[in-house]
Amino acid sequence: MAELIAARDLVVELGAERGLLKRRAGVRAVDGVSLSVAAGETFGVVGESGCGKTTLARTLLGLQRESGGEIRLEGALVSGASPAQARRQRAAVQYVHQDPGAALDPWWRVGATLAEGLRIQGTTDRAEATVRIAEILRAVGLDPALGDRYPHELSGGQQRRIGLARILLLRPKLVILDEPTAGLDLSVQAAVLRLLRDLRDRFGLTYLFISHDLSVVRRVCDQVAVMYLGRIVEQAPTAELFAQPRHPYTRALLAAAPRLGAQASVPGLRGDPPSLRAIPSGCRFHPRCPLADAICAAEEPTKQSVAAGHDVCCHHWRDAA
Amino acid sequence: MRRLLRDPVATLGLLLVLFAVVVAAFAPWLAPYPEDAFESHLLQRLQPPSREFLFGTDYLGRDIFSRVILGTRNALAVAVSVVVASMLIGVPMGLVAGWRDNWVSDVLMRITDIFLAVPQLILALALGQLMSPGLTTAMAALSLTYWPFFTRTVYAETRRLRGALFVDALAGLGASPSRILLLHVLPNAAPAILVRATIGMGFTILTAAILGFLGVGAAPPSPDWGLAVAEARQHLPESWWFATFPGLAILLLVLGFNLLGDGLRDVADPRLRRSRR
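Line by line, the protein sequences are chains A and B. Position 36, counted from 1, in the first sequence is what numbering that gives the first Met the number 0 calls 35; the numbers after and before it change by one each time, with no gaps. Position 141, counted from 1, in the second sequence is what numbering that gives the first Met the number 0 calls 140; the numbers after and before it change by one each time, with no gaps.
Zero decoy hints are in this set.
So the derived list for chain A, only partly shown, Cβ under 8 Å to chain B, looks like this:
hint, residue
1, L60
2, L62
3, R86
4, R87
5, Y94
6, A101
7, I119
Computed, partial: chain A to chain B, Cβ under 10 Å:
hint, residue
8, P82
9, Q97
10, L103
11, W106
12, E115
13, R118
14, I166
Simulated from the structure, these hints should not be mistaken for lab results. On a predicted model such as this, the values are computed, not experimentally measured, just so you know. Note that CB positions come from ideal geometry on N, CA and C, so glycine has one too.
When you get a sec, could you build the whole thing from the sequences and use the hints?
Written as structure tokens, this is what we have:
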């Protein structure tokens, strides 16, 4: 499969200020992330809140400027541009917000909101826009008549479909889905996931799927990357990751997933993730890691290959087998 | 709108304002002696209210009822032009200053603070000395001191809205800042601007009347309410009707705008906002 988007050693610093009077170092929300997403696959990114998943997504999208590293889109270097320029270069990448209702202007009818995306991209022909909007609304399973409604008149599921329709209109190649199932009840969640799969097949999409819900990730993703404090600590094909997790953090995450009748064999995570302002020395996970020893506190682990396509950053991954 | 009408106090304000607008629109036909705006009849000066002259006559024998009606036009015209001029300056500045945190924003907001610190009446008096005292000078002075209120209102709204998810989504689609500001932030800030404008109307009418009273606003023989109160001062307390009726007109119109403004603010308050269905 051809590579669609790739990042190498991506670093994103947030909140840094370079004023005349004040100079403040920011926090590194994303710190040396490398990943490669192949065309047509669904690439999952999982991790606790605040681990940098959303920042990573916004950087790939171009809304957040990277401080280091490079991004390649279909082989072409697209990093280093200002946000406005980056968005023009990366029109093939689009982002669906976590809360699709709040992502719609409350004063605009959803039809107008949909048409606006087309206008921004340069489609000025009104008749063509109407046809395309009706077509896309049907594709996401909505009645084209809903275009006359205001966002608050739609249900949560409908708003989510509108959010999808809005970016599908722009004919993207890569769609970044930020927690697409958060806050939905299970039946709606299943319907949304089914819809996402249909749309992927129909429009030839590639998904970057951001979630903390492991059961969902397991069902829809081909590849999964586990993030911890701005780093990818383990990455593998989904089946392999769930069958043979190597990083203690991944194991803890899997163990923390609620299961009926399960007995706690692996201890859960202790404490909260450390602040990005005070990243631990050596391996960033060592203060919470059951396998940690002296080397973990002193040396940062490098990426090691477990199997083809399965990488892990841990000194003791062999012990975790 | 329906929620506004459910509030009896705000409805009273709305009725007062609408009444003033209707009176202003048809003033020359409503006034029993429309020519009394400029003509004087010295033989019938300072007559108490009667069936012939409902509010009595002033020191030049003019019918006060007619002059109060004719003065409505003046008061509303001043208020509307001052508020519109203030909006034209204040709203764009607030949008630009609120959109980004950079030196442009800092400079704009400090300029706003400086103008906010200028006392209206003193500026108007000074401008009156520099230019010729008159309604135009008074209106210029009021506009120069009222626009910062719009800047601050719009600034706060823009800052609130720029963090909203729908603005972020638009930026994600590649929308330009001018598109986001004019088509999305501005309509969403409109309720706050409308509230500020309504309260500003009442405020401007009051200040314009004070300026007229001080002699730097409208000049005789204009049927200005503030001017009428000033002219009546020498004839108090014997001719009480001379000052009372123009004063009452000021009171009622300002009250109307303020009640309406308060009602609108309650409706526009996002914490109270519900489905528009």
